[in-house]
Structures are given as structure tokens and as C-alpha cells.
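Since the structure of chain L is provided, determine the placement of chain Z on it from the hints.
Below, each chain spelled out in residue letters.
Protein chains: 2
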Amino acid sequence: MANDNQSITPRHQDHAQWYQDVIVAADLAENSPVRGCMVIKPYGYAIWEKMVAVLDELIKKQGAANAYFPLFIPMSFIEKEAEHIKGFSPELAVVTHGGGKQLESPLVVRPTSETIIYDSFSRWIKSYRDLPLLINQWANVVRWEMRPRLFLRTTEFLWQEGHTAHASAKEARKYTLQILKKVYFPFAEKYLGVHVLTGEKSESEKFAGALATFCIESLMQDGKSLQMGTSHDLSDHFAKSFGVQYLNEEGKLTYAFNTSWGVSTRLIGGLILSHSDDKGLVLPPALAPHQVVVVPIATDAKDPVMAAAKKLAAGFPKTYGAKFDDRMNLRAGEKFYDWEKKGVPVRIELGPKDLAANSCVLVRRDTGEKNSVALADVKTIVKDMLADIQKTLYDRTAKRVAEQTVVVDTWEQFTAAVEKGYARAFWCERPECEAQIKEKTKATSRLLALDAPIENVVAPVCIACGQKVKRKKRWYFAKAY
Amino acid sequence: MANDNQSITPRHQDHAQWYQDVIVAADLAENSPVRGCMVIKPYGYAIWEKMVAVLDELIKKQGAANAYFPLFIPMSFIEKEAEHIKGFSPELAVVTHGGGKQLESPLVVRPTSETIIYDSFSRWIKSYRDLPLLINQWANVVRWEMRPRLFLRTTEFLWQEGHTAHASAKEARKYTLQILKKVYFPFAEKYLGVHVLTGEKSESEKFAGALATFCIESLMQDGKSLQMGTSHDLSDHFAKSFGVQYLNEEGKLTYAFNTSWGVSTRLIGGLILSHSDDKGLVLPPALAPHQVVVVPIATDAKDPVMAAAKKLAAGFPKTYGAKFDDRMNLRAGEKFYDWEKKGVPVRIELGPKDLAANSCVLVRRDTGEKNSVALADVKTIVKDMLADIQKTLYDRTAKRVAEQTVVVDTWEQFTAAVEKGYARAFWCERPECEAQIKEKTKATSRLLALDAPIENVVAPVCIACGQKVKRKKRWYFAKAY
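Taken in order, these protein sequences are the chains called L and Z. The first sequence begins at 1 in my numbering and counts up by one. The second sequence begins at 1 in my numbering and counts up by one.
Simulated from the structure, these hints should not be mistaken for lab results. Keep in mind that this is a model prediction, so the values were computed, not measured. You may find that some hints are simply not true.
Unchecked claim - Result set (DSSO-like, lysine-lysine): computed pairs, CA atoms no more than 27 Å apart in a straight line: (1) L:318 with Z:311; (2) L:61 with Z:302; (3) L:335 with L:353; (4) Z:399 with Z:310; (5) Z:190 with L:318; (6) L:323 with Z:468; (7) L:182 with Z:310; (8) Z:60 with L:311; (9) L:61 with Z:101; (10) Z:50 with L:60; (11) L:60 with Z:311; (12) L:101 with Z:181; (13) L:206 with Z:318; (14) L:302 with Z:182; (15) L:318 with L:50; (16) L:310 with Z:50; (17) L:60 with Z:335; (18) L:335 with Z:126; (19) L:101 with Z:80; (20) Z:126 with Z:61; (21) Z:206 with L:101.
Excised from the complex, chain L in its bound form (with noise of 0.2 Å):
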């Protein structure tokens, strides 16, 4: 596929724009004819595919099992639960016609998949035995999005979606915690090389139709942050509503209790947001489809550097996806270029020099530092600065949460906190108040932090409001995506 010699604007110029230009440069995806659709190109989707394998893996070892479910729903089921419609409706994608007929009733494209899974619950689950009933799904969903943006915000999006039922609000509220501490948490941190906070939503931001909303939730460079993932504690709500019910152990009929928990190739933008520079994008090895490439500088498909370079890369071990780049139509340079703005983690040069010298040059994509090693010790260089990549980039993160989140305690401090990053304030929990803080500074609550600490105030009052708090916790106030 062309690509061209993509110009990026550098990120203190203009941050979104910044951000479109690293995606066409690294060729991830693209906007589609159809509004608030994307086309993820091959280099995106194997970044996802990536995602995919490490997710699932973590998933199954939570003893749940992938199953299918239908894309479209009764627009009947979603009106069952009330906060459910009323949180979804605006976002509705609606098929009215199918084979060539008006449908008698309209369909749905499903935007989350809680009322038709909870629907197939209630014929799946009769005893106590068939509890926990613990289900994976990974799929697309429809969400119809005004203001879209690649990865971020698009009206069709990938994602995987838990769904459970377990038999009583104590379970399922641990293993709402269990996802979001075993699986989410680790991939961000491991894979993703992320810092996340976790922690609880507030009434307003949690999900449509749930008791409680849990989160992981991240500080971009610009200091905004972006929710990557979230795991709800349905209570008996969905139950209710679609008659999941179960014979306990006395043999009395009883609600069964949900949780649902999503990620979704919004982690994709959260990578590119955490990671890239302005020379484009920056992979964690983890997640990169080639964690290394090896770059012949040559310009004869005979010179001995070719083959040289063919083996230095097929050495790797499989799971590096090592590349060796044989473009005989493109020059060093350029190809260097072209690898650096796909955020290749190590770029290995091999010239008749190198070659010569029984060496190559080792190029980190994180620092940009340049170093010669013998062709002897490249594998466990190699092995070494991948990891080394791996953790610079997670600290690189933690510093950047650790410098810009503050304390605050007056509205002044507040408004100043939140241009960089976090405010970790004290706060009534009233969505009345929540708006206000949004209206006037664009924050909003991101969450209240599980290990959030019971402070040692006697009386804390609202930072916005001044009324009495609920709890003696400070919540996270920022600018979020």
C-alpha cells in the first residue's frame, strides 16, 4: 500500500491533529464513506489481533467462556430496563426493513448486548448449580456518534463483552473487582505499558442500568484522561427485567445478579495517545506486531548484506515477529523513516561496513539512542532492550501521573489542576454539582480511587459547592476523552 512521506504535526502545535497525522502515518486506519465508521488497516488490526489473543487468554483464566450472540436485538428488549433505554436511546442504530419487507418490529443494532444475553440467561440458568454462569463476547457494536474520531469515538467499534450471572450481590460484585483487577489492570499495565488508575464511577458517569460502574482510567500527555475499560455490578436490575432466575438450595426462586465488563479498540487511541511522539508512533513491545526490524543498507538484491540481514532477522525467536525489510525500491533512509513512524520498538541497520565488522546498529524507537554491537551479542541485546523499552515506557506514564496529579483543596487550586492533569478533590457525589464543575472547567469526576485512603479531615466540604461529602475520600476531577 502507498504511503506517503506523512509530515506530523508536532504535538504542542496541535494535539488532534498530532493525533490523526501519527495514525495515517503509521497507516492504523482510516475514515470510511459511512460517518463515525472506521476501516482498521492491516497494521491497526494486528496491533488489535495483539490485544485480542493477550485478552482473551486472561479472560479464560477467569473461567469464562466465549460464546455469540445476535447483532440485532428487539428494540422491545432494550426498552425493558428503564435507565438502560434511556442511556442508550439517542445512540440507536434502527433496521426497519429486512428481505425486501418492513419489519413488523423494528431491530436494533446491538450498542451492548446486556437484554439479549440476559434474555438467553433466563432459559440457560435454572438451579443454583448453573451458577456462576460466566460468558465472553467478542464482537462489534453500534453506537451512532456525532463527534467521531479514530479509535476514540466511532460509531462502529470492536470490543469484547463479559457477561455473568452468579447467585448472589456478593459474588457478583467481587467478580465485577476480579475482571477489572485480573484481567484489565494487568493488560494495561503489562501489555500496554500504561499506568491506569482503578476505581468507582460516580451516579452520572456510570453505565446505563448499573448499581455500580468500576474503571480503569489513564493520564494522556496533554493531561486529559481516557477511560479504557469498564467493569459494571448489575445487581438483579437486568435479572428483573428478563426473568433470570434460579432454584437455590432450599429449592425457593430467586434473581439471579449481573455483571457486564468491555474493552474495546478505543485501548488502541489510548496506546497512541500514551506512547507517540512527534515522530509518530511508539509501541510497546508487547502489543507490536514487529517488535524488531532489520533494515539491509544495500541497493543490489545480491550484495551479501541481504542475506546477512535475512538471517540476522529469522535468528529471533517466532514471537518477535522480527521483519526484514527486502524493499529494494525504497532507500535506508527512507525505510528507517518509514519504521520509526510504525513505532517498530528496535530498528537493527546492517551495512557492508557493519557487515565487515562482524556488527550492526541498534536503534530504540523510545529514545532514539544509536549503539553498534557485535552480530554475536544482538539476541541478548536485543532481549534486554525490549524489556528495558517495555518498563521505560511504563514509567514514563507513572512519572507523568505522579507529576501531574495535585491535591487540592481550594476551587482556585482545582481550576489550575485540572488544565494538567488530575485533581484529587473532595467532593459531594451530587450529579446536580457534577454538572456545574463541568460547565465551568470541562472536568468532570473520573472516579474514585479503589485504594483511595480515608483522610484524616474532620469536617471536608465539597470543593465546588462547599456542602458536606459523603465520604472522607478524595475523588479524581479531569478533563477526560
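Showing chain Z alone in chain L's frame:
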């Protein structure tokens, strides 16, 4: 999940009901409240996951990369290729409302993605250096279905669809056949364990918009043929409709040549129809989520048999997905029955007497054979047994097609042959003639085999109308799913 003691209608009694019963008994899928759409349950989906893993690897070996294109297609795109819209228009699902408003132009839920993908190709392809462009997509598609049957014909189904662009008609034809021979044929024969014919479709059976359609097709137990996968040579038909052009080496703007190819969840239907019996599902080991199940015969969780059975299951290679059935609420006999219905290739029974004798009982699902073997030999014996089951299942399908294919030269022979399987006959290749054959016998042309010999007959005539034939080769006819 509750899996009731489901009885299975014998094949000879009611083949269609038997098929439905096998699916229910093995807990593979169910009809959803949305007519024509199915729910693929965890066990059915686990089989699909095995299929996807194998196919994805085979496809990538042919050089194709995965990508993802929008679910929605503008109606105007579908209408651009005249044959295409003619073929698909009765099957379309149409979105007329999005985000709370009526859309200015309706969107079609993709029935297949040629149009939206070649629109992208028209931007991606500029020069001969961009060719061949080899793309694959794993996705859901929707074709409104009036007579749905689980897996075989559903309004929504899961599939892969490959889409490529080549510099010449010759290269496109070559790749069309490469996919058939290097992906679909070996997948069917080595993994599904099903004998398949490979050949070309007639004018009336080919894909809407294609120059030629090639397929794999297999004879089911009831003597009907099932199309299992297709690969289309699209010539430059779509390239001309969507402006897919490239500058060739002489700098001249030239239309590209496309191919498209797909297999779907229909393969699961084929798997069931090929191998299963009156006791339920029979799985080829290569696609079985659990190749082996170990069932302890014990009523107490502390019985030493339990620990020994657990250890036995854990001792098999991870790829076997060996299952240790430790459910204490079922009797051993109930478990045997359960795994039989689910088609697990090898069942291992371990009771107190077996354990005392350092032996266990192996039961083959395909033949029902039961043998006591020494625990020390189990691994080797099971390994050989799995290979033998895979081979036995395949051999049965090869024997079936050999026995139920008849070379016919009279109409009487023809009508008798298509009652039991394939008739191989000379045919004029006229659509009107095919329509008449179908009306009289319910049989249609299935394919002209790739390896069909030129017959040593002076002036062969059409089996149905007596007109002169185009080629001295016999077509396969059969009733079809």
C-alpha cells in the same frame, strides 16, 4: 448450564429433526428471539474458535493480512455493480434511522463486503508496486433468511471474507484457485475430516458479480451435497465500478483484477451432517475442544480415583484440551452419556477396580469400541487413537462419496442417482435447462470438477435436454443444502 436428558431422533426416521436434536443435545447453539439469528453457545463457539485458528494460519500463509471494514454499507455502493445488487437485494437488512433521526441515505448491513472494501482499495492502490494487495476480514454478515436452519442458513452468520487485487486476470485466477487448494481443501480434508470435491460453479450458481466461482463441496450422510466454501474470480467487474486502478510499469492507468473468498459458521453444520450419528455429535479430533475426557467412577470427592483421574487428564499435551469431569452431582453413566452427545473423540473411564489394576478403560466415540489399557501406556495409545479416529472419519466420507456417485448417461439413471448422491452427467450448461432439472428432480448442478477428465465420447449431449454440450466433461449434480 442445564442440559436436559435430550433424546435424539434417529437419522432414518427424520433427518432434519435428527440434525436439530444433535445440536440441542450437544449444546451447540439455539434459535434467538430474533427470527433467523442464532445464539452460538460456548461449546459450539469453542469449535468455531478451533476452526478460526487453523484457517487464520492457513490464510496468512498465502500472504493475506487481516483488516476490518465497516458493518454498514451505503445503499448506493451495493447498487454500483449491476449483477451484485440483483443477487443480494432480496436479502438485505436496511438501517433507516440512526442517532434518533431518519438517515438521508439508507445504510445496508453488509451481506458481503466487496463494495465497501474495493472503495478502500481505490484509495490504497496507486502503482503496480502496491499489487498484489491481499486482505482478509473476520466478521459477521447479514442475509435475510426465510427458511433458517442453525449453522446452515441463518440471517446473521460469522465468516471470513478474503479480498484481493492483482495486476492481471491471470494472477487473479491463480490466487482464486490457490485459496481453494491451499486453504479450503486442506482445511476440509485434514481438519474437518471430510472428503470434498473442488470445482467450478455453473452460471446460475456463481456469485453475483463474479466472472467465475470455485467451491469445495461435500456429500452429506443423507445424500445431499453441501457447499462449504467459495472462491470467486471477480475479473475487473468491481474494479471498474469502484475505480480500482493502478499505474503499471509503463506508467499506464490500468484496472486491477479482484478475487474474493469465504467460509462461514456453515462449516459447523457440515461437520455435524458429515460425522454425527444417532447418539449425537461426533467430532474430528483436530477440531474438538476436548479431544479426551477423563471420567472418574466415584461418588466421593475424596476417593483416590478422583486424584488419579485428575492427574491422568493433566498428563496429556495441552493441545488435547483434556477435560477432567469432576462433577459430583452426576452419576458416571450420566457423564458418559453427556460426553457422547458432545462428540468427544476419546473417553477414559477410571474406577476403583481400574486404578487397583493400574489400568483404565478407553472408549472411542467413532466406533464405540471399549478397551482396558495399562495406565503406563495411555498416552501413546491415545495419541495413536486420535490419529486413527481422524483418519476413520475421513475414510467414511470418502467411501460414501465413492459409493454414492454414479456416472449416468440416461435421464432414468440421473433421477435415480440424485436420490442417493451425485450424478455425473454431460450437460449443456444453459441456466434454463438447469432450472428445469431442478423443477423435476430438486437437484442442481453442483460443480464441474477441477480435475474432470475430457471424456472419450464422440458427440456427448445434455442429460436433460439432449442439446450439444460445451465441453466433453461431466458435471456433478445433486440435491443440495
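Hints and how they fare:
For the given pair, residue 318 of chain L sits about 32 Å from residue 311 of chain Z by alpha-carbon distance, which is inconsistent with the 27 Å threshold. Proposed proximity of residue 61 of chain L and residue 302 of chain Z is supported: the alpha carbons are some 25 Å apart, at most 27 Å. A C-alpha spacing of about 19 Å is found between residue 335 of chain L and residue 353 of chain L, which places the hinted pair at or below 27 Å, so the restraint holds. Distance check on the hinted pair: residue 399 of chain Z and residue 310 of chain Z sit about 39 Å apart at the alpha-carbon level, beyond 27 Å; violated.
For the hint pairing residue 190 of chain Z with residue 318 of chain L, the CA-to-CA distance comes to about 25 Å; that is within 27 Å, so the pair holds. With a CA separation close to 56 Å, the supplied pair residue 323 of chain L and residue 468 of chain Z exceeds the 27 Å bound. Only pairs whose Cα atoms come within 27 Å are accepted, and residue 182 of chain L paired with residue 310 of chain Z is accepted, the gap being roughly 26 Å. A C-alpha spacing of about 21 Å is found between residue 60 of chain Z and residue 311 of chain L, which places the hinted pair at or below 27 Å, so the restraint holds.
A distance of roughly 43 Å separates the Cα atoms of residue 61 of chain L and residue 101 of chain Z; the hinted pair therefore is violated under the 27 Å criterion. Proximity of residue 50 of chain Z to residue 60 of chain L is assessed by CA-CA distance (about 15 Å); at most 27 Å being required, the pair is judged to hold. About 21 Å separates the Cα atoms of residue 60 of chain L and residue 311 of chain Z, which keeps this hinted pair within 27 Å; it holds. A distance of roughly 40 Å separates the Cα atoms of residue 101 of chain L and residue 181 of chain Z; the hinted pair therefore is violated under the 27 Å criterion.
The straight-line distance between the Cα atoms of residue 206 of chain L and residue 318 of chain Z is roughly 40 Å, outside the 27 Å bound, and the hint therefore fails. Note on residue 302 of chain L and residue 182 of chain Z: the hinted pairing is violated, with a Cα-Cα distance of about 31 Å set against a maximum of 27 Å. For the hint pairing residue 318 of chain L with residue 50 of chain L, the CA-to-CA distance comes to about 14 Å; that is within 27 Å, so the pair holds. Under the criterion of a C-alpha separation no larger than 27 Å, the hint pairing residue 310 of chain L with residue 50 of chain Z is inconsistent with the structure, at around 33 Å.
Simply put, residue 60 of chain L and residue 335 of chain Z have alpha-carbon atoms about 24 Å apart, close enough for the 27 Å limit, and the pair holds. For the proposed pair residue 335 of chain L and residue 126 of chain Z, the alpha carbon gap of about 19 Å is at most 27 Å, so the pair holds. The straight-line distance between the Cα atoms of residue 101 of chain L and residue 80 of chain Z is roughly 22 Å, inside the 27 Å bound, and the hint therefore holds. Distance hint between residue 126 of chain Z and residue 61 of chain Z is fulfilled; the C-alpha atoms sit about 25 Å from each other, no more than 27 Å.
Distance check on the hinted pair: residue 206 of chain Z and residue 101 of chain L sit about 26 Å apart at the alpha-carbon level, within 27 Å; holds.
In summary, the numbered hints that this structure violates are 1, 4, 6, 9, 12, 13, 14, 16.
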